[in-house]
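Modelling step: build the complete structure from the supplied sequences, incorporating the hints.
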Amino acid sequence: MAGILIVAEVQKGELKKAGYEITSKAKTLGGEISVALVGSGVAGLAGNLAKYGADKIFVVDAPEYANYTTEAYVQAVAAVVAKVSPSIILIAASAQGKDFTPALAARLGVGCLSDVVDLSLEGGKIVAKRPIYAGKAYTMVECLADPQVISVRPNSFMAAEAAGAGAIENVAVTLDAAKIKAVVKSVEVAETKEPDQTEAEIIVSGGRGMKGPEEFGILRELAKALGPTATIGASRAAVDAGWIGHGYQVGQTGKTVSPNLYIACGISGAIQHLAGMGTSKVIVAINKDAEAPIFSKADFGVVDDLFKVVPALTNEVKKIKGA
Amino acid sequence: MNSVVCIKQVPDTETLIKIDGSGTGIATDGVKWVMNPYDEFAVEEALKQKEKAGAGTITIISLGPDRAIETIRTALAMGADNGIHIQDADFAAKADPYATASALAAAIKGVADVKAIWCGKQAIDDDAAQVPAILGEMLGLPVITMVVKFEAAGDKAIVTREIEGGQAVIEVPLPAIFSAQKGLNEPRYASLPGIMKAKKKPVDVKTAADLGVGAAAKTAIKNMTLPPARQAGKKIEGDDADVKAAALAKALSEEAKVI
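As you go down the protein sequences, you meet chains A and B in turn.
Note that the numbering used here has the first sequence beginning at 1, numbered continuously upward.
Note that the numbering used here has the second sequence beginning at 324, numbered continuously upward.
These are calculated hints, taken from the structure and not from any lab test.
Accuracy of the hints is not assured; some may be wrong.
Quick partial rundown of chain B residues pointing at chain A, CB under 7 Å, derived from the structure [unchecked claim]:
no., residue
1, Y421
2, A452
3, A491
4, P496
5, G506
6, A543
7, T548
8, R553
9, D565
10, K567
11, L571
12, K580
13, V581
All C-beta atoms in this analysis are idealised placements derived from N, C-alpha and C, irrespective of residue type, glycine included.
What follows is the structure, encoded as C-alpha cells:
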C-alpha cells in the first residue's frame, strides 16, 4: 500500500483535535503516514503531528492561505498529493473539510466517501461505515479507485500519542491564479471558545420546553461548568421558534452529532432529532413529560422541571470539578 | 439572468427507514416523498433573484425515477419556469454523487446563458454533500457552499457563507454554483393558481443516454444496516429536583465517567 495522506486543519493558530484523531486511526491501518499542513504561519505546528504518528509532514505555508478558499486549498493539497501518491487520503469532516473534500476528490478524478464514522482495511482498500438519513441507517461503502478520498466525522476515533519519524518538508506551491475566482472580503467569527456541535465532546441541548430565547442562558451555564469541550445545541422546534440560530440545530435538517455526552433538556424526541444525536455515547433526558419519546433512548432520564434540574446540575458539576 | 436549480426527491424526514430485500437500499413502500428541504431554499432563492432582476428563466433539473416528476412540478408550482427530468431508473439506482453530477452537468450545459446554479447544501437521504463540488469541477465554475445570504451585483455576486463559528463574505464572478443552507430565506408554498399553471409548464424528459453519460459511479455501497436500537436506561429518582440533579451528576461522573 502506497501510504496514507492526512490533511490537518488549523483553526485560530492551533491544530484541530480531529487531525490527531485521524492520524491515530491511520497509524492502526499501517503504511507510511504523511500529513499535509496548509495555512499562513502554520509551519511551527508540524512537530505536534509527529507526536501522533506522522512520518512525513508537508508544509504549505504562505500568506495566500490566511483565509480559507476552496480553490486555493485544493491546489495546495493536490500539489502534496502529487508528491506523495497516497492510496488513501483522510480529512476531518469539519465545516471546512466538508467543503473541501469532495472538491479535492473531483479534482483528482476519483470518488469520495463523506463523513464516515469507521474505517477498516480489506486487502489494501478502505471499507468505510457512514451514516445516511442523518443516522437512521448506515452504509458500508468503498471507493472504486485510488486515491480513496474520505472525510471522517470528528469524535469517531481516539487521539493517542505514538511517535512517527516526523520529517518536515516545506512545499512551495505556485497557485493557478486564473482558477481562483472567489475572493474572501471579510470573515466574522464569534469570539467564543465553544467548539462546533459536530466536534464537541459534550452538548447541552434545548427544545420546545425551553419556552423562550433568554432561557438558553441556563444551558450555557451548564455547558460552561462542564468545560471547554462542551457547547449548546437545540432542537428544530426551538430554532423554528426563533429562540436560537439554526447553526445550533441538531437533527436531520441540522447537524448530526456524536458527542460523549448529550443532555437533552425539554426535548420531546421527534424522529428527526433522535436520528441526529443517536450516535451520542451517553444520552441524558430532562423533561417534565414522562411520556416523551426521548426517554426511550436515554441512558439516564430525569422526569422533572428542567428550570429546576439544570441549575442544580450546574452546581453539582461545579462541585465535582472543584470549581 | 437564467438560473438552474438542481433538486432531489427524498423521503420525508418523518420516515422510519427500513432496508429492502437487496440489502443495499431502503424499502420504499409507504414512504412519503418530498423535495429535499435544503433544495427548497435553493428554489426560493432563484425565484427571489428572478423577481428582483425582473427577467430570466429558472430551470429545474432532477435525476430520479418516474415519481420525481411530482417534485419537479412542486418547484414549477412555486414559480420556476421549466424542468428537465433525467429519468433513468437504472442510472438512478446505481448513481453515486459523481455519476449524478455528471448527468446534471450534461443537462446544465444544454441550458442557455446560465448565471447561477443552485443546489441544496446536501440531500437528507445520502447526506453526501458532494454534488455541488463535483459540478464545479465538471463545469469549470467556482462553488460557494453553505450560502446564507446572496446578492447579485452585475456580473458578480456577493454571498455570505456559513463557516465554523461564524460567517465569511465572498465575492465571486458569475456564473457560479451555490449550495443553499437553512437561513438563506423562507421558502414559499405553492399557491393553487401556481399548481394549476405548473401542469402546463414544459418538462423535458431525458435519459442518461440522451445526455451522453453513463452510470460511471466511483464509489459503491456494499451493504446497508440499521443502527442498534437504543434502550431506555436508568430513571433518576428522588424527592425533588435538587436530589435528582445530585444523583444524575454522580451517575455521569462515577458510573458513565463522562464528566
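Could you check the structure against the hints above and give me the numbers of any it violates, in ascending order?
-> 12
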